Amino acid sequence: MTSPASSSEVKYLIESSEGNTFDVSGAALRQSNTFNAMFLNIGADGPIPFTDYNEATLKKVFEYCEHSVNEENYSGPKHQDDLSKWDLNFFNEMDQKMFIDVINASNFLDIERLTSYCCERIARMLRGKNTQEMIKVITLPTAEELEAKQKVEEKKAAAAKKVAEKAAETAEKTETLEELPVQQLVQTTRNKLTRKYLSFSNE
Amino acid sequence: MNSSFPLLKLPILVFNTVVSNLNVFELVSLAVCSKRLRFQCKHFRNTAVLKKQIEKFHVEFSTVCRIRIKFYPSLTSELAFQVEKLKEERTKCKNIFEDVYISKVWSPRVNQIAHHEWYPLDEPFVSEYSQSVYYSNCAIPAVSSMVSFLSDLFSVPPTSLCLNFDLFKKEEIDQIMTLYCDRQTADPIKQFEMRDAKKEKEETNTELVISIIARQNATTELKLMFKPSSDFQFDFNSLCKTPEFLEFEYSYWINWEQAINMNSKFILYFLRSNFSNSDFKSLVEKWKSGWTPKWKRIMIESCETLDIDSYIIDPIIDIPMTNSACRSFIEQNDTIHAFKFEMKISFAAGEIIKNGYLISRPDKSIATVAVERNRIGWFIIQPDEPDAKFVASAHERTFYL
Numbered sequence: 001m002t003s004p005a006s007s008s009e010v011k012y013l014i015e016s017s018e019g020n021t022f023d024v025s026g027a028a029l030r031q032s033n034t035f036n037a038m039f040l041n042i043g044a045d046g047p048i049p050f051t052d053y054n055e056a057t058l059k060k061v062f063e064y065c066e067h068s069v070n071e072e073n074y075s076g077p078k079h080q081d082d083l084s085k086w087d088l089n090f091f092n093e094m095d096q097k098m099f100i101d102v103i104n105a106s107n108f109l110d111i112e113r114l115t116s117y118c119c120e121r122i123a124r125m126l127r128g129k130n131t132q133e134m135i136k137v138i139t140l141p142t143a144e145e146l147e148a149k150q151k152v153e154e155k156k157a158a159a160a161k162k163v164a165e166k167a168a169e170t171a172e173k174t175e176t177l178e179e180l181p182v183q184q185l186v187q188t189t190r191n192k193l194t195r196k197y198l199s200f201s202n203e
Numbered sequence: 001m002n003s004s005f006p007l008l009k010l011p012i013l014v015f016n017t018v019v020s021n022l023n024v025f026e027l028v029s030l031a032v033c034s035k036r037l038r039f040q041c042k043h044f045r046n047t048a049v050l051k052k053q054i055e056k057f058h059v060e061f062s063t064v065c066r067i068r069i070k071f072y073p074s075l076t077s078e079l080a081f082q083v084e085k086l087k088e089e090r091t092k093c094k095n096i097f098e099d100v101y102i103s104k105v106w107s108p109r110v111n112q113i114a115h116h117e118w119y120p121l122d123e124p125f126v127s128e129y130s131q132s133v134y135y136s137n138c139a140i141p142a143v144s145s146m147v148s149f150l151s152d153l154f155s156v157p158p159t160s161l162c163l164n165f166d167l168f169k170k171e172e173i174d175q176i177m178t179l180y181c182d183r184q185t186a187d188p189i190k191q192f193e194m195r196d197a198k199k200e201k202e203e204t205n206t207e208l209v210i211s212i213i214a215r216q217n218a219t220t221e222l223k224l225m226f227k228p229s230s231d232f233q234f235d236f237n238s239l240c241k242t243p244e245f246l247e248f249e250y251s252y253w254i255n256w257e258q259a260i261n262m263n264s265k266f267i268l269y270f271l272r273s274n275f276s277n278s279d280f281k282s283l284v285e286k287w288k289s290g291w292t293p294k295w296k297r298i299m300i301e302s303c304e305t306l307d308i309d310s311y312i313i314d315p316i317i318d319i320p321m322t323n324s325a326c327r328s329f330i331e332q333n334d335t336i337h338a339f340k341f342e343m344k345i346s347f348a349a350g351e352i353i354k355n356g357y358l359i360s361r362p363d364k365s366i367a368t369v370a371v372e373r374n375r376i377g378w379f380i381i382q383p384d385e386p387d388a389k390f391v392a393s394a395h396e397r398t399f400y401l
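If you read the sequences in order, they're chains A and B.
Note that the UniProt record's numbering numbers the first sequence so that position 78 is 78, with each residue one more than the last.
Note that the UniProt record's numbering numbers the second sequence so that position 66 is 66, with each residue one more than the last.
You may find that some hints are simply not true.
Claimed, not checked - Rough simulated footprint, nothing fancy, chain B against chain A, three-plus residues with beta-carbon under 8 Å:
id, stretch
1, 13 to 19
2, 111 to 119
3, 124 to 130
If you're looking for bench data, these hints aren't it; they were derived computationally from the structure.
Here the structure is a predicted model, which means the values were calculated and not measured.
Don't be surprised by glycine CBs; every beta carbon is placed ideally from N, CA and C.
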């Protein structure tokens, strides 16, 4: 189902990096501010491509969203001690790789509650530690890793610049965002977010 | 999940959310782990909202050098660092900048302290995180490195400096003044305090003292807490800036004319002065006859008993405590120009009893003249605004008389 809707019964199709699709309820999806900004009012024609993230990660993220559909509106970060048994199990059953993927996906989808709980969980690893213990926790990257990361960032920045220029050209031709095809809309929004991220990290 | 986490692999916004969950000491600890972490922690703090959290950034050059940052009111925290000579083996320490070391197990001592010094048992309480940093060669460059690091991390310059001048050589003082007080410095400190540590019979280096006072350019607060010789002189018109608050711990070298004509915008405190009862009386009479000083509040510790009842020649009525802070009550009684009051203020250190008068002039100006323990005299020019609350002040010196 891919029509605009306000009812929680409505299901949306999500596409992962593997090209697989799966259903997510509208109510769960609406916890994502990125989704709200892109699709809530205009609907999606076909599966929604969140193709930077694999199926396992996206399913984990939306499992959290489905679970918290009936919780009260999010009102700021909660201390870990206040988390429910379900929340704790949810976090504890993830390995580190999955946890990082979930944070990244949650950050991109702008799911405040999940991002905040993940961050609080990381902060808890650092809290009360002395510098030596902190260094052990953080696992500082080596010089080679840093260099590689910088190269990737430069490549990404160059690619984002190109896409942004293209998007700007496209935007000139298109009168309103609503008239864009969904795939292009996703790309345009992603570009905007990428540009926001890049300008932020370059400050 | 592992107990380790590759924090630097997180997107910067997520990193910021993580560190927003840490206290200020944890943030400093994280920032000394690596250059990259320092940059990212600085980036997190570099927002207008977080900069506003800093109430005071104090640097003290004394027998033990100290750095203190007060985060208030949105963060009820305080950071306090003592900069000490390295006694341990260097191998037990981590070198964080040139000649600055911290213990490898650097974690803070935490105290709950009251935000208001005068009310140590009353809320709001502030978490004070304190710890030592070490140097092996010289204290001044180590303090400066630590100050620059904190200043860079929290994106604020130091706001307050205390210099115990006779513990340092002339060249060292020169270095300190250049770093924090020069007019060329982008953000010179706003509060300056000058102390000495000499023994009773030692002579003060007058030339050095004058050069320091002339060179500092505090705008908010200037406290001269040293004990000069009785023939010491300084022309306060030569100050680079006019501070809003001026305090003299030993003011016996200042004469009365110099005191009342001083160029402070708001407040003057003269402790251990040579001012007499007749000097204080002349101030009341001068004000009654129409003279208005540049300052708004003066406190003197007189060398003799202040008999303020003898200053008042107008008809007097007693004013109840409830009306002693009220302009409208005084304006209703326009035939009376002196309202007698007694006020008790309780602090943790004791109770202060003020006896005094609210006096008015035909131009509707109102001033308070009051005395505590017979020798502390206050003269306060009250605000002109109809709804403004009347000002009453206290100084801890009263408890020592």
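We went through each hint and held it up to the structure:
| no. | hint | verdict |
| --- | --- | --- |
| 1 | 13 to 19 | violated (count 0) |
| 2 | 111 to 119 | holds (count 4) |
| 3 | 124 to 130 | holds (count 7) |
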